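Here the protein sequences line up with chains A and B, keeping their order.
Residue numbers for the first sequence follow this note's numbering, beginning at 1 and rising by one.
Residue numbers for the second sequence follow this note's numbering, beginning at 1001 and rising by one.
Check before you lean on any hint, since a few could be wrong.
Unchecked claim - Output of the computed footprint for chain A on chain B, the stretches with three or more beta carbons under 8 Å from beta carbons of chain A:
hint, region
1, 1202-1214
2, 1259-1268
3, 1284-1292
4, 1313-1322
5, 1379-1386
6, 1480-1494
Claimed, not checked - Here are some of the chain B residues that sit facing chain A, going by a computed Cβ distance under 10 Å:
hint, residue
7, S1241
8, I1246
9, T1310
10, M1371
11, T1374
Source of the hints: derived by calculation from the structure; they are not laboratory data.
As the structure is a computational prediction, the values presented were derived from the model and not from experiment.
Idealized CB from N, CA, C, for every residue including glycine.
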Amino acid sequence: MRQADVFGEVFAVELIMAGAVFLAVLAAVLYAVLRRRAGAAAGPSERAERPRLEAAYVAVLAAVAVFLVVYTALANHREHRTGHVGAPAGPPAAPEVVEVDVTAFQWCWTFRHPRPGGAGATSGTCRAEEVPTLVVPTGRPVRVELTSRDVIHSLWVPELRYKMDAFPHHTNSFTLTLDEEGRWLGRCAEFCGYRHYAMHFWLRAVSPGEYERWVAGHQAAAGGAA
Amino acid sequence: MSLTGTADVEPARHRPAPAPGGWLGWLTTTDHKRIGLLTLGTSLLVMLGMGVLALLMRGQLAQPEEHLVGPQVYNQLFTMHGSGMIYLVMTPFALGLGVYLVPLQVGAPVIAMPRATLLGYWLYVLGAAIMLSGFATPQGAHSDGWFSYPPMAARTYTPGVGSDLWIAGVFLATTGVILMAWAVLWTALRKRAEGMTMLRMPVFSWSMAATCLMVIGAFPALLAALALLAAGRVEPAVFDSNLWVIGYQHLFWFYGHPVVYVMFFPYLGAVAEVLAVFSGRRFFGYRGTVFALLVFAALSMSVWGHHMFTTGQATNDYYSLTSILLLVPAGVEYFAMLGTILGGRLVFRTPMLFALAFVPQFLIGGLTGIMVGTPVLDYHAQDSYFVVAHLHYVLFAGSAFGLFAGFYLWFPKATGVLLDERLGRWHFWLLVVGTNLTFFPMFFLGYAGMPRRVVTYLDGDGFGLLNLLSSCGAAVLAAGMTVFVVNLARAALRRAPRAGDDPWRGHTLEWATSSPPPRLNFDAAHPLPPLTSEAPLLDLRRRAADEARGAREGRGAREGRA
C-alpha cells in the first residue's frame, strides 16, 4: 500500500509543521490580547515597519516553501513510480502485473480482469447487497485502467488514501500494490447525481494462490454463461 | 432597513443633490455610497437565505440514514448554498464594500463610471433572482454543485430548467461584478485626491485594487465556462469529447481559484484596518503588505490546476509548486497583522473581536490549504469532507469573520448610528463557538472517508457522532446570526445611539467626513485633511499631540527660566 505509506509520511510532516505554525501564531495573538491590552500596555509602538527582519523572515518562508515543494514532489514521484519501491536489492524477477479495467457508471462499478488469464466482468447495482467486489492478489502490482460510461466519477478507497477520477471518453491508469490481505470499502468521490451517496464497492486483496483460484472460477463461470 | 433615514437630522448642507426621492431615488442612484449599500444589503439578505439552506443540510446529516429530505432536494440544497454564497454573497459583498469605501478612502467625490456601477448592481440582482427562481420550477433548482462539471450538468443528466436558470443567473451576476470591479479599480487608479499617492492608499483600498485585478483577469473565464456549459445543454454531444469535459474544468478553475482570493482580500483589508485602529497605531509593515497582496494576486492566476490533481490530466508538480509558493505572501500578511497587535494598545470593541478571531481561524484554512495543495495528500482529501472543512475555515471562519469585523467597523459611518456592543459580543462568541464546532469535526470526517455531497451515510460508517457535533454547531451559528439580525433591527428602529463622525478614532479619510458622508463625500464642513501617509488622521492626531507637548514644554521652559 505504497499510496497509504507515502500519504502517512507526508501528512505527518505537514501536520507537525502546521501545528507548530498555528501554535506560534496563537501564542502571539494571546500574548497581544493579554499583555498589550489597553489596561496593561504602555502606549502603542511608533514603529512603522522592520524591513531587515521582514526580509530575513521572507527568506525563511521561501526556504520552507522550497523544501515543501521539493519534498512533496519527490514523494509524489515515488508514489507513482511503477515497480516495488523499498524491495531488497537484487529482487527476484518482478512479479507479473495484474490488469484490471474499471468502468464507473450511474450508479455503480464494473470490474474486468483482461490479463493475465482473463476473467469475466463483476458488476452490481450498488443497492442493498449488490455491492460489487474488486478482487486483487497481494504482492503483485495491480494496474487499474479507469474510465466512465456516462459522467465523471471518482474511485476512492479511503483506507488506501488514494483516489482517481473516472472520465467518459478518457482512461486514467494507476498502479496499486497491496501488501496484506483484507477488504476495504471504496466510494465514489465525485458528485454524479441521484445515488452518488450509495455508489460503493469492495476492494478485496487475497493471496496470489487464492486469486488464481478466483480467476479460474470466474473463467469457468464466464465460459458456462457463453 | 432604513440605512440613511438618519440623514434627515444632519444639517441641510449635507443633503444629497436634488434627485428622485424615496425608493426611486435609491434604485436609480449614481451615488457610490447608495449603490454600495444596495449591494451590501442585498448580499446580506441572500446570505441569511443561504444559511437556512445550510441548516436544512445539517439537519439531514445530523444522524445516519435520515430522511428529512431526499437526494433530489439535498442536491439542490448544497448546490444553491455553495453557488449562492460564492456568486451572490461573498463576492458581491466584497465588491460592494469597495464601491462604498474606496472613493471615500482615496478622497474622491464620486466613483469612476457611476452608471456602469449601478448597472453592475442591477445585473447582480437580476442574476440572483434568476438563479434562485429555479426553486419555483417543476424539477427544482440546479443540482450539480457550484462548479457543475459536465457532462453531469449537461441536459442528458440534469434535464431541469433550473439548471438553465442557474447558468443565466450566474452569468449575469458575474457580469455585474466585473463592471463593479472596473469602476473600483479605475477609482483607485485615476480618482485619487491630490496628494493621495498610490503608496498612501489605505490597506483596504489596496486590497480592493488587487481584488479588482483578479476579477478583471479571471472572471471572464467563468463566463466562457458558462457559455460552454450552455452550449452543451443545447447540444449534449459537445461533451462526447474529453477535450471539452476537461477544458471546462480548466476554464472554471482559472476563475475558481482567484475567486477565493476575491472573497478573501477585501475582508483581509478590513481586518487590517480594524487591527490598526483598535491597536491605536499605524498598520505595521504597510509596504510589505501591499507588495504581498500584489504578488498573491499574480500567483493566484497560476494555481488553478490544484483543483484537478485527481483528474490525471493536470501537471501536478507545477500547480503544487505555485500553490505552495503562496505561503510566502500569506506569511508576509501574517507578519504585518501580528506585528500590528504585538506593538499595539488593544481595545476590544466588537470589530476588534472579529478581527482577532480571524487571525488564528483563517490560519487553519491556510495551513490545511497547503495540505490539499500537496498532491499526495490531495489524492485522499479531494472531494471529501476534509475539503469542506478547509473551504469553510477559509470562507467562513476567515472571510466571514473579516466581513463582520468590517461591518461593525463601518456600520456607524454608513448609517450614523452605533450597533449595540453587548449584542455584538453575543454575536461574536456564538459565531466563534458555532464555527469551530460546525467545521472542525469535518476534518476528521473527511480523513475517515466521508465524501462531500452525500445526502446520507450508513450507521456502520461511524460518521454519526462527528456529524451530530457539526449539526449542533450549525444550531449555535443560527443563534448567533439571529442575535446579529436583532442588533440590526434595533438600529433600524432608531433605538441606537448616534455615532458621530469618528467613533473609533479611525486612521483613514472616511473618518474625516460626516456619518453618513455627504453626497460628494467631503464638503466645506468636512474638508480633506493633509494627505501625509496611509493613515492621515493618525498623523493629524500625532501632530496635534506633538504641538500640545511642544507648547507645554515651551511654557514649562519659560516658567523654568522665569
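Tested hints:
1. Residue count for the region 1202-1214 of chain B with a Cβ under 8 Å from a Cβ of chain A: 0. That is fewer than the three needed, and the coverage hint is violated.
2. Here the region 1259-1268 of chain B counts 0 residues with a CB under 8 Å from a CB of chain A, which misses the bar of 3, and the coverage is violated.
3. Counting residues of the region 1284-1292 of chain B whose CB lies closer than 8 Å to any CB of chain A gives 5, which reaches the minimum of 3, so the coverage claim holds.
4. A stretch counts as covered by a chain when three or more of its residues have a beta carbon under 8 Å from one of that chain; for the region 1313-1322 of chain B and chain A the count is 5, and the coverage holds.
5. With 5 residues having a beta carbon nearer than 8 Å to a beta carbon of chain A, the region 1379-1386 of chain B meets the requirement of three or more and the stated coverage holds.
6. Residues of the region 1480-1494 of chain B lying with their CB closer than 8 Å to a CB of chain A number 0, which falls below the three-residue condition for coverage.
7. Restraint check, B:S1241 versus chain A: the minimum CB separation of about 6 Å is within 10 Å; hint holds.
8. For the restraint placing B:I1246 at the interface with chain A, the shortest Cβ-Cβ distance is roughly 7 Å, inside the 10 Å limit, so the hint holds.
9. Annotation: B:T1310 was flagged as interfacial toward chain A, and the flag holds, the nearest CB pair being 5 Å apart, inside 10 Å.
10. With its C-beta approaching chain A no nearer than about 5 Å, B:M1371 sits inside the 10 Å limit, and its interface hint holds.
11. A hinted interface residue such as B:T1374 counts as satisfied when its beta carbon comes closer than 10 Å to some beta carbon of chain A; here the least separation is about 5 Å, so the hint holds.
Consistency note: the structure conflicts with the earlier hints numbered 1, 2, 6.
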